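These are the residues of each chain, in order.
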Amino acid sequence: QVQLQQSGPGLVKPSQTLSLTCAISGDSVSSDTAAWNWIRQSPSRGLEWLGRTYYRSRTNWVYDYAASVKSRITINPDTSKNQFSVQLNSVTPEDTAVYYCARGFTLNYLDVWGTGTTVTVSS
Amino acid sequence: IQMTQSPSSVSASVGDTVTITCRASLDISTWLAWYQQRPGKAPKLLIYAASSLQSGVPSRFSGSGSGLDFALTISSLQPEDAATYFCQGALTFPLTFGQGTKLDIK
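Residue numbers (the numbering used here), protein chains in the order written: chain A, 1 to 123; chain B, 1001 to 1106.
With the rest of the complex left out, here is chain A:
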């Protein structure tokens, strides 16, 4: 069965970069049918989709980002390690949240989720 294992620091200083990784088992980051997403959840913002990457043979790698973070976010696949990552630059306390990675099937339904990483932005 497909599993997603998240890793990364739980504390990031303001203005620095948040970096998380999601290791995939039971599927491939290069799958032609899946998409690989990052979502965060906080009491003030609820569930907020941040972005995704996916591979299609017709288009190669595709990257989609939420407008709210588009200028600060990068999602990268790593085919050698079968994982994907998120980097969020110039973080503020508003970026404090639980961050989840998730697989999307038919692109937009999130059927497998990581366990979540609580990230606190504080000096």
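Treat the hints with care, since some could be wrong.
To be verified - Stretch by stretch, here's where chain B covers chain A in the computed footprint (C-beta under 8 Å, at least three residues): (1) 45-58; (2) 63-76; (3) 112-122.
Don't read these hints as lab results, they were simulated from the structure.
Since the structure is predicted, the reported quantities are computational estimates derived from the model, not experimental observations.
Positions of the beta carbon are idealized from the N, C-alpha and C atoms, including for glycine.
Starting from the structure of chain A, add chain B where the hints point.
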């Protein structure tokens, strides 16, 4: 596309039937999912394409609706159904979620 759920919370007894509704700000056809989230856990996909039951999900969960208005119905409530339920629009990105409905079991 904004997703608006109601009610924000509901309390019911074991064996009851509850219905949670979700309204989309634009016509999304049947591009809608429902998730269950227990405290401290990641969301779990229950329903996709408005009414398709995800594999392994009990048949007491059902979804309906199309266009703007959707519903999640849970029949024969069980104690383990205590959770927060979210709808999610899936027509296109950005994916958007409702604010959640907290279900308490009396």
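Exercise. Which numbered conditions among the earlier hints are violated in the structure presented, ordered from lowest to highest?
Worked result: none
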